[in-house]
Each structure stands twice: as C-alpha cells, then as structure tokens.
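Put the two chains together into one complex; each comes in its own frame, and the hints tell you how they fit.
Keeping their order, the protein sequence lines are chains A and B. Counting the first sequence from 1 gives a position; the working numbering is that position plus 62. Counting the second sequence from 1 gives a position; the working numbering is that position plus 1.
Certain hints may be false.
What the hints assert, rightly or not - Calculated pairs, BS3-like style, for lysine-lysine (alpha carbon to alpha carbon, straight line, at most 27 Å):
(1) Lys540/A / Lys83/B
(2) Lys226/A / Lys629/B
(3) Lys376/B / Lys525/B
What the hints assert, rightly or not - Calculated Cβ distances over 10 Å to all of chain A for the following chain B residues:
(4) Ser68
(5) Asp72
(6) His78
(7) Gly164
(8) Glu363
(9) Glu364
(10) Glu446
Said to hold, decoys possible - Covered stretches of chain B, going by a simulated chain A footprint (3 or more residues, C-beta under 8 Å):
(11) 149-162
(12) 180-191
(13) 614-624
Because the hints were derived from the structure by calculation, they are not lab data. Note that beta-carbon positions come from the ideal geometry of N, C-alpha and C, so glycine has one too.
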Amino acid sequence: MTGAVGGYPVLTAIIITPILGALLVALVPARRPELARAIGFMASAATLGFALLMLWDFQTGFGGFQFVEHNRWFDSLGVGYIVGVDGFSLFMIIATAVLFPIGLLASAKIEHRPKAYIFWFLMLEGAIMGIFLSLDLIGFFVFWEAMLVPMYFLIAGWGSTNRKYAATKFFIYTAAGSAFLLAAALVLAFLHQADTGVLTFDYRTLAAWTGLSESTENWLFFGFMIAFAIKAPLVPFHTWLPDVHTEAPTAGSVVLAGVILKMGAYGVLRFGFELFPRASVTFAPLFLTLAVIGIVYGSIVAAMQKDAKRLIAYSSVAHMGFILLGIFSISVFGLDGAAFTMVSHPLTTGSLFLVVGMLYERRHTRDIDAFGGIWKSAPRLTALFLIATFAGIGLPVFSGFVGEFLSLLGTFAAHRWWAVVATTGVILGAVYMLWMFQRVFTGVPEGDNATMADANWREMAVVIPLLAFSLFIGLYPKPVLDRIEPTVKCVVRTFEMKTDLHRPAADRLDTSHVKGCR
Amino acid sequence: MTARDLLDMVWLVPLLPLTGAVVLMLAGKRIGDPKAGWFATAMMGLAFVWSVVMLFALLSLPSDARSHVSDVFTWLHAGNLKVNLGFLADPLSVTWILLVTGVGSLIHLYAIGYMHGDERYPRFFAYFNLFATAMLVLVLGSSFLLTFLGWEGVGLCSYLLIGFWFERPRASSASVKAFVTNRVGDFGFMIAMFFIVGALGSLDYTAMAQGAGGISKSTATAIALLLFLGCIGKSAQIGLHVWLPDAMEGPTPVSALIHAATMVTAGVFLVCRAHPFFERSGVAMTVVATVGALTALIAGTVALVQPDIKRVLAYSTVSQLGYMFLAAGVGAYSIAVFFVLAHAFYKATLFLGSGTVIHGTEETQDIRQMGGLRKYMPFTAVGFGIAWLTIVGLPPFSGFWAKDGVLAAAFYRGDYPLWVIGLLAAILTGFYMTRETMLVFSGNERFRPSVAEAGDGEHAHAAAEHDITASHDITASPTVDYGMPIAPAHMGHDPHDGSPTMIFPVIVLAGLAIVAGVLELPFKGLDFLTKWLEPTFGNKHAAEPTSFLSGFGLSMLAVALGVTGIVVAFKLYRRGLDDPAADPIDAKLGRLGRLFGHAWYYDEGIAVAVGGPLRHAARWTADVFDQKILDGGVNGVARLFGAAGAGMRKLQTGLVRQYALGIALGMVALLIWTLWRVGVA
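Okay, chain B solo, but in the shape it has when bound (with noise of 0.2 Å):
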C-alpha cells in the first residue's frame, strides 16, 4: 500500500467522529453514562490514530509533493461550476487534524468524569463528537464550499452546546447570540464565494493555487476582505467578538474544545489556507494584522478586571487569537500556525483546570470567591501553574517562542506600530493571568462562610439558603458579570480535586505546553515547523532577525514587559484579598476599570440599539406597515367592491354562493369571449 493508497483514505478521520455522533444519538440512552462518554473518547481517539497515519504517510512523500486530493463524491454540480466533496490532505491540514483529535481526544477524556451525572450525559458527547466531524471536514475540505460546510457544522455544533444547558435562559440566548454573530460573518463568506466562482470559476484550492496569482488586485482584496469577515466571526475578532465570552455559558469542556483550542482558531486556518488571495490583495494583509493587533490589546483589558474565571480565559482567548492573526498578517503563517498549536495546548489546560476549580467549588466562577486552592487540588494547580507560565511568555515555554515569533516578525517587517501593540498587550496578559492565577490558588481561602457571617444566625440561614437554591434551581447560571455583587460564600465543605480522568488530560496538555516550543525554534535548522507547511505557503520566510543579537534583544524586551504584568499583579493578589468585595485593581483604574469591565460598553450599546430603536422599528413594521397599511390597503379594495353588492361581509355568510359566484364570474368571462369570437369570426 502506498502513500497516496493511505492518503485516499483520509475521510476515515472525520468518519470515526461521525459515526460516533450518529450511534449516539440514536442509541446514547441504551449506552447510558458513563459509557457513552469512553465511546466517544474512543472514536476521537482512533480518529487521532488515523491522522498519525496520515502524517507519516505525507512524511513519506517528497517534500515538494505533500499534496494529496481525495475526492468522495460529486457533491454540487451546475452549470460550469463543479464541487467534490473531497479531501485535501497537506502539511497545513494534517496539522490540524492532529491539533484537533489529539487535544479533541483528551477534552473528550476530560468530559467524561466533568459531564457524569448529567441528566444529558450521552447527548453532550453527540454533540462532541459531531463538533469533531465538522471542525475536521472544515480543515480537511479541498474547496471552500466544503471548508463552508465544516464552517456551518462548527457554529451548528457550537449552537447546541453553548446551549446544552437549555434550562437556563442565560445560555439559550448565548446560543442564540453565538449563531446569529457567526452568521454575520459567514454572510461574507459566502459573498467572498460567489467572487471566487467569478474569478476562478472554481472553488477548489487547487484552482485557487494556480489562479489567484492572475487576479485582479481590487478583486482579490475584496475576496480577502469578505474572507476575512467570516474569520472575524468565527474566530471572534474585535467587531465581532461579542459572541465568544458569553459562549461560556456552556459546560467547561465546550468552552476548552471549541472556545479556545480548536473551532476559534478557524478563522486563522481560513486565513492560511485562502493565503494566496491575501497576498495577491496585500491590503488585506494589512488589514488582518491590523485587527489582530487591536484585538490582542483591547480584549486584554477587558481581561484585566472580570470576576468570572471563565470570562478572564474567554477574554484572553479573544485576545491570543489576535496574535495569531497578526502573526498571519505580516506573512508570518507558520508562525500563526505554531501559535494555534501551544496556544491550543496551554488554554486548554487552563480551561480543564479551571472546569475543574469549578467542579471541585460547587459551581463556583467567582475568582473573588475563591483562594488558596493549590492545598486541596494539587494536580490542577500545578498545570494550571505551568500553563500561566507559559501564557505570559516566559522561556523556554512554548508560548515565549509562539509570542516572540509573532512580535519578531512584525518588528522586522518594519511594522513598528503593530509590534508595539503586541508587546502592550503582552503585559496585560501578564497582569491578567497572574492576577487569575493568584486569586484561584494562592492567598487567602475566601470560599467559606466567614465567622462572623457564620456567626450571625441570619447570615447563616440565608447563607445555607443560597446553597439550596444554588443546588436546585437548575435555570441559574454560575457566570459573574462585571459589576456583579458578591454573592454570598456557600461552600459547606473542602474543595476537592478531579478524578483521575480529568487530572491526566491537565498534566498532559501542561507537558506538551512546555516542549511545544521546540517545533518551531527561531534558530537556522532548528524551524521544522516552516519546514514542514513549506509546500503549503511556499519559499516565503517571515522577516528575520538582522543579528542574533537585535533578536535576543527583542526577545529580552518582550519578556520583561510580560514580567512587568506578572510583578505588578503578584504583589496585588499574592496573598488573595481582604475583602472579597473591593478588588483593589478597581480603586488603581476607577473609571478606565468601569470601561474595561463593560467591554468598553461594546456589547451593551448593540444591546441597547437592538432591544430599542431597532425592535421598535420591527415592530411597527409588523404591526403597522404591514397589518394596516398592507393589508389594510387590501381589504380596502375588497370593502370598495364589497359596497356594489358582493363584499366581505356579505361573502362571510354564504358558502356555495359564492364560490359558485367565483365561478361564475370566470364562465361568463369566458362566454363573452366565445360571444365575441363569434361575431368577430
């Protein structure tokens, strides 16, 4: 069996998910919890196997002829446009078919023990395993309407497990919310489609390699630009990124797979796939470094002051991203796609751990609410510890190297405003992880009832009462908004760490955060990662360093900046807060914190435009135009007639008349027709 034998055979990875989707939903309930969950693992897992097989059979191959099509079916075929559902087997989306089984395996594993007892229990993993086919179908497709297809898959997918939780009005409407801004951004997607088939008269990538060259500039920009709309949605860029933190609303281990390790990082394959038109444009290139920068500052400040443990990562999420798509922006792809490699690695440690600080807290979010808790769940505070090390940048984890790639490549590029940004936003990323990571598991232990609220009969009786209802009233939402008042410490007991089957995928993911770095080292010989996306994007090397010295010295710069973050936030929380309710960073920004906190009231003013003038202009749309002036209008005219002798009214009364009226009218009008005939022959 040769290479391409193998390679034929790539539908096998989006397959196993699928088919594991499929028995679930129709069998989950006879398979019961938590089987159902290792069977879905279990798929995830052979599908990581297969993609292994795929690597080395690539490997195999020359380097120069890394590419492979398999196609399946004819999938659309009109007019002089034809579409295979095929695969495209590349460096670029074995890649990220590895990225996606391989940390999709352990996030499955993950949920397993998160997700036992759930009322759900082989729905979620369903869903899971369907999330799995699409993301992979989205990677693997040969043309842009199948990468579409996977594209729609995920946000579907993403829908129903935002949503998973439907009992609570709180994640429906994110669920909602989530589609509905996705949609907005694949509208471009769509648009940038319908140019491709004008230009190319294609959608494949093949076409695309061989023709986007010959372009016209201003068409390629528009492509890139509409593209780059549907990344911006996907992957929750500034504009568009409103979606993504209320997404946390979905069990922790959605939010660790989807928002944050794979289905986000979408956008930035879209971008490295498509590469050829934004190079062609070089004003969209621009524009997408542009956004990924503004994007990596602004969501880190709105990092900076969020109560809600998930809300710091999902923010931190929005703001990676932007490296990534800076790093894509100044050309630097392989860089983008390291990036997404140790940034999947180390925020999904982050997420699994804090899923289980969460688990272990009785649905506690409120990192005001928490401290201290390296004593009782060791494990998860040691691979929450090495991924926020890791995150803020500081060697030799792999994110020192993913970041310092991204701010080299800008800076010799000669971007120095874009570079800037970067190393802005890397020392609120410092500031904010260590502030996260201090408050959860360093200091003091604010999780309990305190004694003198334990010591007032009152305090303690509503107290115990908040834990009923937190235990019972199914349709609350543990989520803490800015601004939200401390809610009352409820925890009866000690915190407790994971089981085994949720403590393992932490310590793995951690491990791999830390070696990750050596995929793409900046040193001659030692980039394999540009090596091997060679035959996906080319000769084309980032801008490198001048000397090995103006490197380490950027390098240098970046780390302490990251450290700057990381000080100034360790001597505010090392020793946790005194008083849960006054947040001392609060106090230090006042009124900038009040627009960090709201998002910089992004959110809140579509809010307030769409629940306002936008609905009340619906609703007399609805109402008005279209019931009284409509059809008013209509029944007017009825009326009109209706005054000679056969109204409305009138018509109400009488059945057979007057359909026998009806048919009358068109006998006699084709009886004078005939008369008329007749005097006429």
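Bound conformation, chain A alone (with noise of 0.2 Å):
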C-alpha cells in the first residue's frame, strides 16, 4: 500500500476542499452572489486540481488501494477514518471533479439564491466522494447518508413544478434502502467480532475475513444490495429516477445521472463483491436477468416518453443494465466493460442532460413535442445534442461502445443467451434516441423554435469537454483501462480463490503484472 503522496493526504483533500468552499460560501453576505459564484467555482476547481494531481501519481498496475490514510476515530467502537483509491473508484473521483465545476458553469443563471444552491452543490460534492473513497463501513455509510440531504434542498428549492413530491420520494426511497446496508454492516461486524474477537468496520479486514457461513452470506448480501439497487437503480426499483431527473435542475440532473447513479454499481463492485463472493456468484443468473429486463424494458419504455428529461432518464436505466451486466458477469472483459460504461456514462449522458437543459432554458418546456425543426434554428446546439446523442448509443470511436463491447463480450463468454438478449440494447437505443432527435431537431421550425438562440460559447465550452473526452478515450482507452483493469484481474483472481466459479476459457485471468491484490 502507498501511502499519501507528497507527504499530504490528498484523499482527504479531494473530500474536504468542497466542504471548506461550502463553508466560505455560507459566509459570503446573500448581495453578493457573484463572489459566492467565484468561491464555488474556485473551490471545485481546485478539488479538480487534487483530483488530477491523484490521477498523475496513480500507479499503474497496482491492483490495491493507494493513498490509503488511516485515523483512529472510535476506536472503542472499531470505526475508522479510512480512505483509499483502486480502480474502480478512480474514475468516479475523476468524474465527479469533473462534473461539479461544469455543473456550476452550467447553473450561471440560476437567480434564485444562488448563494444557497452553491452552498448545497459543493456539499454534495463532498459527501460524494467520501461514498466512493471510504474504506470504512460506518464512513460509508455517513457520506452515503449525508449525501441525501444537499440532494433533497436542491432538487426541492431550485427544481420544477413538482419537485417537492421528487425529492421526498428520492430522500424517502433511498433512506430506506440504506436502512437495510446499515442492519446488513452492523450484523457483519458483530459476526466478525465473534470469529476473531476484534470489532472493526475496515472494510478490508472484513474482505480478507472468510468465517461467514453461506447463508448468513447470502442474508447479508441482500441487505448490501437492496440499497445499492435502488440506487443503480436496476428495475423494478427505478421509478424514482425519472421524477427526480424530471424535477431537479439542470446540473442536478448532470450529477444525478453522471456519479450518483453510479454509486449503486460501486457499492456493488465494492462492497457486495468482495465482502460476499459466494452469494454473489449464486445470485448473479438473477441480477444478470434483472440487468437483462433493465436494457430491454429501460429502452422501451424511454422509446414512449413525451418528456425529454424522462427519456433520457429510462436512457440511463438502460445504460446501468449494460454496467451491471458486466459486472455480475465476473469476468475480466465484463469488469473492465462495466469500469468503463461507469466512466463513459457521465460524459455521454451528461452532455445530453446539459443541452435538454438549455432546450428548456430557452423554451421553459421538456415536452419533446413542443420542439420541431431546431436544427435550423439553432445548427451549433444541435450539432451538440447529435455527437452525444451517437456516443451514447455506442458508436464506436466514442467511449460507449468500448464499455458496452467489453460488457457483452464478458457475458457472453460466461452467460452467452443472457448476452445474446442485452445485445438487442444497441438496436432499441437508437431508436429511442434517434427517433427523439427527429421530433426535437428535424422538419420546420415554427413560432418560438424558430427564433431559439443558437449555443453560445459558455454553452459550448460545458458540452464540447465531455464530449472530447468521450471520442479521446473511445479511440485510446489505454489510459483509463491500465489503471482500472489491475483492480479488476484481483477481483477476479479473489472468486478464483474463494468461489467455485466456473471461468470461461475465453477469458483468461494473467495476474502477472499485478501487483498489489488484496
């Protein structure tokens, strides 16, 4: 294990620089929005700084935690402040460093108190990368909770109509499945606490721990997974997606559909993996079917949407199901697949948020049939909403399809009719989405969507970063795949040593170059 690099701990940087913005916001005078503006923006930039800063020394080929700090906390009770970075999280703190500034960029014309949604949003930043850099159960689940409560005041003080019922239900929801995640942590330490005789939630204490009985096992697998489901969220636990999407504000909806649906695969990858490798190869027929039903009917139901947001919303619990496929596929091309559609995901379908989000700035309605001929009218915005539109569906040379492939190719080798069915996702995701663009793009423009502005450079410059990105990594995924695959091959070696998984030839497992498996 390394431990912090130049001898500060830039974990803990990363989760409490946009806390400490947070702070000095809240103590900005409310006349002057422009300065709170400035703090924020500076404040997740400069996250973004120490985020790229953890990238830059991230070793390759090391398949453990690096960065890892380790504090006492209470030590009577065996919780810890423990934080750490691996592959699969890596790219969730690059995303969200990524995210948060655009988002703010994105909310400048938000005018009512802005001071207070600044204020909100870099909490959130905050508490969303404690979720995925934590190492302790306890911390987890304080950030997973605490994360709950900047979402509820901003979907509920600056999205639409209907947000208050979205955001209670989205608060009410997800609370109730980390009721379960908390029961489910507590009753495995206790355990653990029986077997050896020490008490601790450090997650990778409780990893390398193999006393569970298969059934108690299972039990609490379902406790983790419950949570993370509704979260992923994998169908039938997905209706509160598309009312929270629909209500939240536009940067809401970029952060809600780029890192926190995400945190429902890492929870899965994480925790539900490693803690419990045997229940998760029992049960992976039934998650790999529910992710399955996620594709096909996540695509359908998009297909009949009238509300742009929503489409998009059913979009991402199609996309999800390509992520949670390859992860329960358990297999080397499948985790590596599903790493990437986490990464690809925030790109793709945050640039379509962002520019749904300026449709409706300009027009105050989401209704796809409110919009006709916008190409026109407006040739650069479109031109936007096209090239995200074409890396989502998984063309290749854009990160979708290198996510998607790898995804399909690992279930294939492993559960090929499973494959075989999600594989009908590229068809339905073009007609979802090419059929939206031609009600909202195509034909004459009329009335109001004639005279739409075009995008301007502000609006440019949130969009076209992603969407470089995407094409980058989709034409040169090596960056990114060196740094996740040596954390997925130690996953995959771990069921070879625990589970009697049976591998598919076509697969194979060369853990020669890795160093550091736990």
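Dropping the structure here:
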C-alpha cells in the first residue's frame, strides 16, 4: 500500500476542499452572489486540481488501494477514518471532480438564492467524494446518508413544478434502502467480532475474513444489494429516477446521471463483491436477468416518453443495465467494460442533460412534441446533441462503444444467452434516441422554435470537453483501462480463490503483471 | 523506399478525406460554395492517387507476399484481447479502396454542381468526405473490430446524408429507418465478434486466416450466419432491405455514392473478407447464395412497376446485390468482386444520370411525366443508355461478363435452382431497365402541361399553383410511391442537360462500364482479377465450364432471356405513354402488379405491426405497467407507512423537519446498536 503522496493526504483534501468551499460560501453575504459563484467555482476547480494530482501519481499495474489514510476515530467502536483509492473508484473521483465545475458553470443562470444553491452543491460534492473514497463501512454509510441532504435541498429548492414530491421520494426511497445496508453492515461486523474477537468496520479486514456461513452470506449480501439496487437503479426499483430527473435542476440531473447513479454500481463492485463473493456467484444469474430486463425494459419505456428528460432518465436505466451486466458476468472483460461504462456514461448522458437543459432554458418546456426543426434555428446546439446521441448509443470511436462491447463480450463468454438478449439494446438505443432527435431537431421550426438562440460560447465550453473526452477514451482507452484493469484482475482472482466459480476459457486471467492484490 | 515502407503509410488513404471532413465541419462556412466542394473532391482525388501508389507497391511484391499489416497504435487492450488500430493492405482491400476513392472522386465532382446553391453546401461535403473515411476504414481494417468501426461509421454518414434535407419529414424518417435497420444487422455482427473472440482469442484477420480452419463446424456456422446478418442489413438483402428504397430521400449523389456504388457493397466485402468462416461452415455458403438469388428475383419484381426514377434504380440495386451474394455464396469470390466493380460503374452512371434528369426537370422524379428527354440532355442520354445496355447484360459490356460469371459459377457447381432464379431475374432486369430508359429518354414528351390543361383556365391555375408550392415547400419530397396519382405536369420551360462537371463523371463512368469487362474475362490467362485476388482467396477457383461450347451456350441463353425482357419493354414503352396516368404494365399484371408495386406488402406489414400492436404494447408498458403498477406500488408502500404518521403528504409540507427526521432515524439506529454493544460487552 502506498501512503499519502508528496507528504500530504490528497484524498482527504479531495473530500474536504468542497466542504470548506461550501462553508466559505455560507459566510458570503447574500447580496454578493458573484462572490459566492467565484468561491464555489474555485473550490470545485481546486478539488479537480487535487483529483488530477492524484491521477498523475496513481500507479498503474497496481490492483490494491493507493494513497491510503488510516486514522483512528471511535476506536472503542471499531470505527475509523479510512480512505483509499483503487481502479474502481479512481475514475469516479475524476468524473465527480470534472462534472461539478461544469455543473456550476451550467448553473450560471440560476437567480433564485444562488448562494444557498452553491452551498448545497459543494456539500454534495464533498459527500460524493467521501462515498467513493471511504474504506470504513460506517464512514461509507455516513457519507451515503449525508449525500441525501444536499440532494434533497437542491431538488426541493431549485427543481421544477413537482419538485417537493420528487425530492421526498428520492430521500425516503434511498433512505429506506440504506436501512438494510446499515443493518447488514452491523451484523457483519458483529459476526466478525464473534469469530475473531476484533470489532472493526475496516473494509479491508472484513473482506479478507472468510468466516461467514453460506446462508448468512446470502442474507447479508441482499441487505447490501437492496440499497445498491435502489440506487443503481435496477428494475423494478427505478421509478424514482425519472421523477427526480425531471424535477431536478440541470446541474442536478447531470450529477445525478453522472455520478450518483454510479454509486449503486460502485457499491456492488466494492462491497457486494468482495465482502460476499460466494453469494455474488450464487445470485449472479438473478442480477444478470435484472440487468437484461433493465436494458430492454428501460429502452422500451424510454421510447414512449413525451418528456425529453424522462426519456434520457430511462435511457440511463438501460445503460445501468449494461454496467450491472458486466459486473455480474464476473469476468475480466465484463468488469473492464462495466468500470469503463461508469466513466463513459457521465460524459455522454451528462452532455445530453446539459443540452436538454439549454433547450429548457429557452423554451421552458421539456415536452418533445413542443419542439421541432431546431436544427435549422440552432445548428450548433443540435450538433452538440447529435454527437452526444451517437456517443451515447455506442458508436465506435466514442467511449460508449468500448464499455458496451467489453460488458457484452464478458457476459457472452460466461452467460451466452443473457448477452444475446442484452445486445438487442444496441438496436433499441438507436430507436429511442434517434426518434427523439427526429422529433426535436428535424422538420421546419415554427413559432418560438424558429427564433431560438443558438448555443453561445459558454454553453459550448460546458459540453465540448465532455464529448471530446468521450472521443478520446473511445479511440484510446488505454489510459483508463490500464488503471482499471489491475483492480479488475485482483477481484477476479479473489473469485477464483474463494468461490467455485466456473470461468470461461475465452476470458483468461493473467495476474503476472499485477501487484498489490489484496 | 521499399514497397513495404510505402504500404506502411496506407493510413494516408483514410486520413485525407478525414482531414477534408474535419476542415469542412470547422471552417466550411468560410470556405463556401463551391470551394468547399472542390476541396472535398481534391481530398478524394489525392486519396485515389495514394491508393494507386498502394496498388503499385503491392504489385511490386511477389504475389504470395502481397499482404501487409501496418499498426498505428493499440486501440483496445483488455484482458487477453488486443486490437490494434491497424490497416491490412492486400489485393482485396486495395481493390476496394481504388473503387471507393475512384468512383467516389467522380461522384464528389458531380456533386459540386448538383448541390450548388444548397444552404448547407459545405456540410454536405463534410459528410461526404466523412463517409469516404468510414468506408475506407471498413475495407482497410486489419481486424473485425476496426471493420466494425467503419461499418458503423458508414451507417452514421448514411443517416446524416439520407436525412440531409431534414426539413422533409420523409427524409428524416427514412434516415432513422436506415440506421435502425442497419443496427439490426449490426446486432448479428457484434455477436459474431463475441463468438470469434471465444473461438480464436483475437479479432485480427491474420488470426482468422490461421485459425478458422481449426474451429468446430457449428461455431463456424454461427459466426458466418451472424456476420451475414450484418451483411443483410448493410447490403439490403431480403428481410432487411426495407431501408434502401427509402434512402432515396437523400440527395441523388448520395444515392449514387452510398446506396449504389460503395456502402451497400460492404456486405459483399465482409463475406469475401471472412470467407474462411463461410467455407469452414459450408451451410452458411448455401444460405448466402440462396438469400442472394431470392433477393435478386424478388427485388426485380418490385422494380418492374415503380413510377419513381430513383425507386426503380434502388430496387435494381437490391437485386444486383443479390447477384453478388449469389456469386460469393457459390465460392466465386473474385466474380463477386468483379460484379461489385462493374456494378459500381454502371449503377453510378445510372444514378448520376437520373440526378441530372431530376435536376433538369425541376425536381420531377415520376417517369410517367418524362419522355423524349434525349433531345434535351444528349450527353446524359448517352451515358444512361450505355449503362442501360450494361446492366441488362448485353455483350461486350462489363455487365454481361459479370452476370455471366455468376450464372456460370452457379451452374457448374450444380446449383441449378439458383441458376434458374438468376436467369429469371435477368429477364426482369431487362424489362425494368428498358422500361425506365424508354419512359425517360424516348417517346412522347409528357412533362409539359397538356394543351387541354393549359387551355382550361382552372387547370392552368392549379398547375401554376402547384409549381409555386413545389418550388417553395421545403418539406415536400419529390418521391413518387407506387399507386400515387400522377401530379399535374408543371414544367414551364424545356429541360436542360447538366453542367460540365456533372456530364464529365457520367461519361467517364459510362466508359468504365463498357470496358471494365477486360478485368475478368472467362478465358485462360485473361482472368486478371482472379489472379490478382489469389493471395486473398487462395487457389480455390470457381467451378468452370466443362467446354467452351457449353459455356458459350449458357451465356447465349442468358443473353437471350435478357433480350426477351428488353424487347417486351421496348414494345410497350418505345412510344412513351399515351395516358401518363395509365401505365400499360398495371393492366397487364393486374393483381400481381399491385403485389409487386407494394413491394410484396412486406414493409407496409411491418409498419402496421410496429405502428399498431407493438406500439400499443410499449405504450401500455410505459404508461400503465411502469407508472401505475411499479411506481404505484412504490408510492403505495410509502402511503402505507404514511398512515403511521410520516406519510408522503406530510413530508411534502416541512423541509427541515423531514430531513432531520431522516437523519434522526439513522442516528437512532446507530445509538441502539451502541447501547446494545455496550450491553453485550
């Protein structure tokens, strides 16, 4: 395990910077919103700086945790402040760090209590960072719950017409799921204590422990999985997502689709998998099935939506299906693909939400049928949406393809028929996205659509980096895969050692170049 | 500089048009009309020149060493799969890049004039260059995955170009249909790749060449058939052909370049490239040949009665592609390639010619409203006429040698049913192409408002009004469906021939259509193409005639049948149409004609199914199942708890209180646990 880089705790800096920024913003007088904006942007930019620093020093070829900090907290309770980063969390940190400044930039037009908005937005960033970095189950849970608060206020304070309903639904649904998570985490720690005499919530210790009976493992696994399945979301737990997406402000949607949805998948990768490998193998077919249902069902329902944001929300359900599919294929290809899609999806779907947000700012509606012929009046805006569309439906050269291809490849090697059904998602994805594009952007514009302003430089600057990055890692995924794959290989090795998983010959595991497996 | 050093730089071929596309997308407006067109054409021309260099570089190598892989960088390296962004230059791919850049340059040149004045002129050429890039990557790719990249890329460009006039609802619908239908095929392509990784551990063509023979027959069959599903989509074979006729909504140069000469031949390319899998399977070859033959015949029947100049050509393309698959399916790969080349020349001529006709008749596409145009557009008439004689298979034009090669290969391999189907399709080709040529260029002039109409004030008024709406309504598509009543003729003045940049490509392509036959003559020592392609396809020759006499006899039979079709159509249409609204073939074919005209009701049937029950089911899923049952269930559970005191309704009223409650719940849980721990300890 490598320690803090350059003598200072970079991971703590990543968590604490946005929170400090938020506190600073709180001190700004309400009549100086531009100051709040500047501080907010600088705090999130500084966080991005720290994140990039970490990325720079992140070792490739190392599968375990890096930059680990371990501080005592409530020693008597076995609770510590433990943070660390590995291939699964690395790019979630980067994505979060990139999307928040962009989200702030996209929120430049918010006039209603901007100070409070920025405050909650930065608090949200800090909480999300904590979720992805915590290696202590209680620490993880605290951040997991803490994230709900800013999200609740952002939706309820700056959402559209039905915002309170959506905010409450989001809060209660997620909190209900996390109750199971907490209970299962506590039981796990007790059992570990009963077995070894040590009370700890250190994820690394618990993952290394093999004293669980198989039936207990199954129960605890489901305790964790309920929370993650709601968050991911897996069909049939997905119905909060479209409501929240439609009501959330643009930046909220971007962050929601970009990183909050990934928390479920991340939870499965980090906790579901390594704490309960045997249960993961036993129930893989169930979750593969749910993933496939998510892909097909999400696409069909997406196609029928009349609201642009709802449509993209359902498309996220389908994309999450590809991620879950890759994860539960328990193969090198599949996990590579899932982790890669977790990087790619924020870029493409984030862009789509940003452009829909621009359309909403101009027309104050998200009703697909209210638009038409935008290509003629706003060609630059249309170009952004068009590129994001094709990046999202997995056109090769964009990142979406690499992730989908690897997820499906891994699934095909291990569970052929699931992959075959899931591959229909590439057809369905084209159907709902192109159909929406046709209705919104083609034809001859009339009325307000004809006089719509094209994208200005700020709007271009917000979206283009995301699409450019999607293109870059689509054409050259090596920098991303090099950092993800060692962790993936370590995880697959764990499965080979701890379970009787039958692994396909096509997906060969070679850990000779991987160091630091836990 | 050795030949291999040169071949290492084969990436220049796709890079040139890519540069053009990027420049035109970023600065196209500043470059303007027509400079943007010339720039794009120049990029294609340079790519062609470089392709010729590649040809000579390859020729300078000994024939058994004519295969060169040049890797640019590692594209995808995950697990034990490694795919390079690399290009494979061998006789097959170099033949194809010569075709794409050569014919592509001429069509680019043509489009400079055709698209002149369009408000999105630079964007058109950006897409056009991008298309060429994708197609070149498709054929030059050194692995299935890179070919797939190009494969999807041409799908994207096809989408953009079919829907180029996005103001027209028909065009934008057609573009979506094209992309989605192609994706159905891509579904097969993707699963085939999953199989290949499983069987070979690699997607490289070199790995296929070494390993395909050693895999099980059933795996080979699965791979080959799934790949062929991709080909059915891309090359519009029966089942997934529905997008190609609609693709005619794009500007005519697009129809010529993408939907006739190049993109649609990608399926034939893929079968040729992946031939080791098809051969290992055996069954898959039969499927390819059968689908090809049936497509040739059925598409031919549909072309018989279409009233739209481009629709006839579109179905003709589907039918001709069927011949190419028939050739590949009976193992005559070099004949298939030869057919692709010959077809590219004459079909591009026909499409560009029809573009000039449409251009010169104020956007008329209804052949019932043309007639006698050879007087007004002599050059186009000559080019179109040559292409007509070529496609119907008259010697010594290239079309004759190509079709003869296919039929002979089927016959001497013993596939008599397929051979008979091919012959029947040849009759149909003779008929529909003669019908179109006669109705457009020969006979009475039907494009002017008739005297009776002109005399009748009301009619003249209506005609004038139509003229105005036709020229001003940017949402209207000039496409004419079968069964659509004839619109009043509206030409105010005489039709005119195209500009020099439009005539030149037509004449050059027509010339190529005449002479291309010398590439592959069915005589010993004159089968140049077969020899050239031998490094790719190996020594496996197509079945050959047992004697000169039997070969000659077969050829003459095919020609005689083709001529029968020509003569019948010639008699019917030589003088044009007495009544433009009454096409004699409709009366002759009766019900059968309606069946053909509606393309066997296949497309319409799908539309009914998708628009009706499928849509209702999806609507029910989204509105009832998802919202009422699933979401209703979730809210129901919440309401249940709400009854206990903390329901949704109450939660909606207070902000801070509720959030505090949530946190409190969590804290209480922790507290209880702590107390319990202490108690236990």
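Quiz prompt | Claimed coverage, the region 614-624 of chain B by chain A - three or more beta carbons nearer than 8 Å | solution = holds (count 5)
Quiz item: Can the region 149-162 of chain B be counted as covered by chain A under the rule of three residues or more with Cβ-Cβ separation shorter than 8 Å?
Solution: holds (count 6)
Quiz item: Beyond 10 Å from every Cβ of chain A: is that where the Cβ of His78/B lies?
Solution: Contrary to the label, His78/B does not stay out of reach of chain A, its closest Cβ about 6 Å off (not over 10 Å).
Self-check item: Pair hint outcome, Lys226/A versus Lys629/B [Cα-Cα no greater than 27 Å]
Solution: 20 Å, holds
Quiz prompt | Minimum Cβ-Cβ distance from Glu446/B to chain A exceeds 10 Å | solution = The claim holds: Glu446/B sits with its nearest Cβ about 34 Å from chain A, beyond 10 Å.
Quiz prompt | Status of Ser68/B, Cβ more than 10 Å from any chain A Cβ | solution = The claim holds: Ser68/B sits with its nearest Cβ about 24 Å from chain A, beyond 10 Å.
Quiz item: Can the restraint linking Lys540/A and Lys83/B be considered satisfied, given a maximum Cα separation of 27 Å?
Solution: 11 Å, holds
Quiz item: Does Glu363/B sit more than 10 Å from chain A, CB to CB?
Solution: 21 Å, holds
Quiz item: Given the proposed pairing of Lys376/B with Lys525/B, does the C-alpha separation stay at or below 27 Å?
Solution: Not OK: Lys376/B and Lys525/B at ~44 Å, beyond 27 Å, violated.
Quiz prompt | Distance rule for Gly164/B, whose beta carbon must clear each one in chain A by more than 10 Å | solution = Contrary to the label, Gly164/B does not stay out of reach of chain A, its closest Cβ about 7 Å off (not over 10 Å).
Self-check item: Beyond 10 Å from each Cβ of chain A, as asserted for Asp72/B
Solution: Fine: 14 Å to the nearest Cβ keeps Asp72/B off the interface.
Practice problem: Test coverage of the region 180-191 of chain B by chain A using CB-CB distances below 8 Å; three residues minimum. | Solution: Three-residue rule met by the region 180-191 of chain B, so holds; n is 7.
Checked against the numbered hints above, the structure violates hints 3, 6, 7; every other hint is satisfied.
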